[in-house]
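A.B. asks: Now for the letters of each chain:
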Amino acid sequence: MSTATHKLLKGATGEWEMVIGMEIHAQVTSNSKLFSGASTAFGGEPNSHVSLVDAAMPGMLPVINEECVRQAVRTGLGLNARINLRSVFDRKNYFYPDLPQGYQISQYKSPVVGEGEVLVELDGGRSVSVGIERLHLEQDAGKLLHDRSPTMTNVDLNRSGVALMEIVSKPDIRDAEQAKAYVTKLRSILRYLGTCDGDMEKGSLRADVNVSVRKPGAPLGTRCEIKNMNSINFIGQAIEFEARRQIEILEDGGVIDQETRLYDPNKGETRSMRSKEEAHDYRYFPDPDLLPLEFSQSFVDELKAELPELPDQKKARFVADFGLSAYDASVLVAERESAVFYETVLDKLANRARDGKMAANWVINELFGRLNKEGRDITGSPVSSEQLAAIIDLIGEGTISGKIAKDLFEIVWQEGGDPRALVESRGMKQVTDLSAIEKVVDDIIAANPDKAAQVKDKPQSLGWFVGQVMKSSGGKANPQAVNELLKSKLGI
Amino acid sequence: MTDLTSLTLAEARKGLADKTFTSLELTDAHLSAIEKARVLNAFVMETPDQARSMAREADAKIAKGDAGPLAGIPLGIKDLFATKGVRTTACSKILGNFVPTYESTITSQLWRDGAVMLGKLNNDEFAMGSANETSCFGPVGNPWRREGSNTTLVPGGSSGGSASAVAALLCMGATATDTGGSIRQPAAFTATVGIKPTYGRCSRWGIVAFASSLDQAGPIARSVRDSAMLLRSMAGHDPKDTTSVDIAVPDYEASIGKSVKGMKIGIPKEYRLDGMPAEIEKLWSEGAAWLKAAGAELVEVSLPHTKYALPAYYIVAPAEASSNLARYDGVRYGLREQGKTIIEQYENTRARGFGAEVRRRVMIGTYVLSAGYYDAYYLRAQKVRTLIKKDFEDCFAKGVNAILTPATPSAAFGIGEKGGADPVEMYLNDIFTVTVNMAGLPGIAVPSGKDAQGLPLGLQLIGRPFEEETLFSLGEVIEQAAGRFTPARWW
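Which chain is which? The protein sequence lines are A and B, in order. Just so we're aligned, residue 1 is where the first sequence starts under this note's numbering, counting upward by one. Just so we're aligned, residue 1001 is where the second sequence starts under this note's numbering, counting upward by one.
Keep in mind that a hint or two might mislead.
Said to hold, decoys possible - Listed below are the simulated BS3-like cross-link pairs for lysine-lysine, each with C-alpha atoms no more than 30 Å apart in a straight line:
1) A:K227 to B:K1340
2) A:K109 to B:K1389
3) B:K1014 to A:K143
4) B:K1269 to A:K143
5) B:K1093 to A:K92
6) A:K403 to A:K451
7) B:K1292 to B:K1389
8) A:K109 to B:K1084
9) B:K1036 to B:K1014
10) B:K1036 to A:K92
11) A:K202 to A:K143
12) A:K403 to A:K487
13) A:K439 to A:K471
14) A:K202 to A:K10
15) B:K1064 to A:K109
16) A:K456 to A:K476
17) A:K348 to A:K373
18) A:K276 to A:K348
19) B:K1292 to A:K92
20) A:K143 to B:K1036
21) A:K276 to B:K1340
22) A:K92 to B:K1340
23) A:K451 to A:K348
24) A:K348 to A:K267
25) B:K1240 to A:K92
26) A:K109 to B:K1036
27) A:K7 to A:K215
28) B:K1269 to B:K1061
29) A:K143 to B:K1389
Keep in mind the hints are simulated off the structure, nothing from the lab. Keep in mind the model is a prediction, meaning the values are calculated, not measured.
Using the sequences and the hints, build the whole thing.
C.D. replies: Set out below in structure tokens:
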């Protein structure tokens, strides 16, 4: 259900539309694995987080980790999705050395979460709604290590059995930009919920991307699946490449083979991994070791009541309560940490209603701008929420001007310290005392009699006088007070 | 002093409590019986040192007066149960010399209650078989022979080692497992008592899986009372097995000798097979008569979907097995046969590690689960299963307390006599027992008589879910009427 216009690709025979669906594998944030008590900690010595169940020892049985179920339900709720009170774990059977049981416990016909929806923001205030087909729980596999022996492959089962959520979108995505924005938004929701850390570098979030092309309005084309994407930028590049590859084939009179492909970021191209004929027959059937997963509506309701505020809600609240623009609000809520920082600043402000919007500007323009320039993220900001709130208070109450505030910000960034004390000790205070400014005003008027005469006919030239006064006061004069004083002295 | 091996478990318990003999003496008597009976091939691993040390421990506890319910009782353990530090193979080459670092829930409960482990018992490879002929350790001999014959007969399967060892007085009781009749059929072939409890009554944790939705452990013992004593220790909820049920375990022994007066016993007409031997027919009527004499009421009942049970079972069980046995891949433990590629390694390992019957069932199971066949086979078999379950439910809803059937369609047969050309001939052995697994119900096999050749025959009682006590009460009535049967020693 696209409300935004999307990018079409130009081919020799006209324009082509991309149709994209995604399967996101998100590692569930939990202390222990989906069906065993082993730790899920990242980066342990190989095979140091492996229980008897994870190693598929004879006679071992899986026992569901309820926290993983709660995390899946929370995520479902965050995706505005239907929660299924009864779902079933199935076995997906295939042989691979990283899969000790010889099957992955997954959910096939009856997933724990059904249809939902994600609102995805695009540039220029556009947005698109992407449907969620389902979310199910499944086990991760182990890892093969090929570099430990010249003749053998070793297996590390630390990840074997770690809980994953597979989040399947509907084929509602229409171009690479939307695809990237969808993953970004989904990751943001997961992080807000605390159900997945979203760390793509560590593999906590991986995407399989299904791409097909068609003439606008034509029926769906044959799709190819690009497996295991672990970077949002690569996802965009892979989609562009894959769509163009398919268009070229179709325009040459060829047909698309339904197949699984891999993206090579070095070459910037996708290549075939296996064809449909080579696809496994997974022989899914309900896992007889596990009873169907059943919980009550009140279990769901309790989780819903405890759900944190999600980006969409937060954005709406920022707009309504502080008069932020939709764009600024989006920027603030995109990452949970940024939103948290902004809200901490708000909490510490003396007058939130008056200065809330100014705080947003400062967070976005000064702080984010400076952080971006230095390639840091918000958690590594040298200016704390407390310091920033103090700077904004000083502006709001008229102690310093916006211009001085920028200098103060720079000092705090470089040297740290209490902004209020710095203003005192470095004499940055705005001069509001009229008698102190009066002399300067009088001098400037006296030195520029022509301009003083003109100003009555050209009131807009008052600005020149204000600028002169500010300049000679070192920016510390209160512009408001200067303005008033000049008006009365010049008789306008 | 009488031969200590000829005591029932209940008698031995009394002797130990009265300090007539020690557990060490009782254990030694059995260890020496095992040594003399190696020709039966019932044990695949003897653990005399462990047995004696456990016996001494039990004696110390008895002396202190804090003896558990099975203190000092020497038992045999089917090789399907993981025993910590003791080789566990499921009698398959593919597990090689696998030594678990863990103890199955059931055996830990037996040791908790003071029992002594004599060793590991032979069984059909991965419990797949009805004659104990598929074990990688070779077939097990039945202590029973046809009168005037030297032919060694099978003890039934898959718990053939358990049944043979108990019948030959090599252990006072044994653990066993039953997926389609693997406790009850060997019990019937050896004149021992075997009970498969309700699905979920005993934990499956630490038992090598065959077909998870059908597998259930239980004891094979010398008497109904002995089986009740053993089941009490084996049963119970286990948080490590989510299919185990959290219902308190009753004192099963208390149901021995309880009146069965007024109980309604169903006689299912569909179990009256065409061409059923007259001896089986006669045994069945006799059993019914004994129960009637004890005050039970007999009613004819109908279980209309019985004839579909065996075909459906031979879809469901292999399907689950094909998946359960996928973990035996030569990667982490057990046999590994190298290959040039990982696929070749899998193929070599599994082709050489699994025996013919296991390979057959893995292939059947893989086939019935594959794309395009799933609905026609697996899904349909599950529907049949639901109907079979409903047959029993309808019957119990009419007030029937238990159902009486023959345990097997024949007495024990000779090693190599059946199933050579047609595996189905062997599968037919389970005809009276598989329905019980498909419905998840408890069933007990009790020795009830002998055929014309002097071989034991058994009757089966099928109960309502979690009403094993009814089966013990009724079983004991049959036992009292039929008497006990002991084979003449030829080994």
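A.B. asks: A separate judgement is required for each hint: does it hold in the structure or not?
C.D. replies: Here's how the hints hold up against the structure:
{"no.": "1", "hint": "A:K227 to B:K1340", "verdict": "holds, 27 Å"}
{"no.": "2", "hint": "A:K109 to B:K1389", "verdict": "holds, 24 Å"}
{"no.": "3", "hint": "B:K1014 to A:K143", "verdict": "violated, 57 Å"}
{"no.": "4", "hint": "B:K1269 to A:K143", "verdict": "violated, 57 Å"}
{"no.": "5", "hint": "B:K1093 to A:K92", "verdict": "holds, 26 Å"}
{"no.": "6", "hint": "A:K403 to A:K451", "verdict": "holds, 26 Å"}
{"no.": "7", "hint": "B:K1292 to B:K1389", "verdict": "holds, 26 Å"}
{"no.": "8", "hint": "A:K109 to B:K1084", "verdict": "violated, 38 Å"}
{"no.": "9", "hint": "B:K1036 to B:K1014", "verdict": "holds, 26 Å"}
{"no.": "10", "hint": "B:K1036 to A:K92", "verdict": "violated, 49 Å"}
{"no.": "11", "hint": "A:K202 to A:K143", "verdict": "holds, 13 Å"}
{"no.": "12", "hint": "A:K403 to A:K487", "verdict": "holds, 23 Å"}
{"no.": "13", "hint": "A:K439 to A:K471", "verdict": "holds, 14 Å"}
{"no.": "14", "hint": "A:K202 to A:K10", "verdict": "violated, 36 Å"}
{"no.": "15", "hint": "B:K1064 to A:K109", "verdict": "violated, 58 Å"}
{"no.": "16", "hint": "A:K456 to A:K476", "verdict": "holds, 27 Å"}
{"no.": "17", "hint": "A:K348 to A:K373", "verdict": "holds, 26 Å"}
{"no.": "18", "hint": "A:K276 to A:K348", "verdict": "violated, 59 Å"}
{"no.": "19", "hint": "B:K1292 to A:K92", "verdict": "violated, 52 Å"}
{"no.": "20", "hint": "A:K143 to B:K1036", "verdict": "violated, 51 Å"}
{"no.": "21", "hint": "A:K276 to B:K1340", "verdict": "holds, 26 Å"}
{"no.": "22", "hint": "A:K92 to B:K1340", "verdict": "holds, 26 Å"}
{"no.": "23", "hint": "A:K451 to A:K348", "verdict": "violated, 46 Å"}
{"no.": "24", "hint": "A:K348 to A:K267", "verdict": "violated, 50 Å"}
{"no.": "25", "hint": "B:K1240 to A:K92", "verdict": "holds, 22 Å"}
{"no.": "26", "hint": "A:K109 to B:K1036", "verdict": "violated, 56 Å"}
{"no.": "27", "hint": "A:K7 to A:K215", "verdict": "holds, 13 Å"}
{"no.": "28", "hint": "B:K1269 to B:K1061", "verdict": "violated, 52 Å"}
{"no.": "29", "hint": "A:K143 to B:K1389", "verdict": "violated, 43 Å"}
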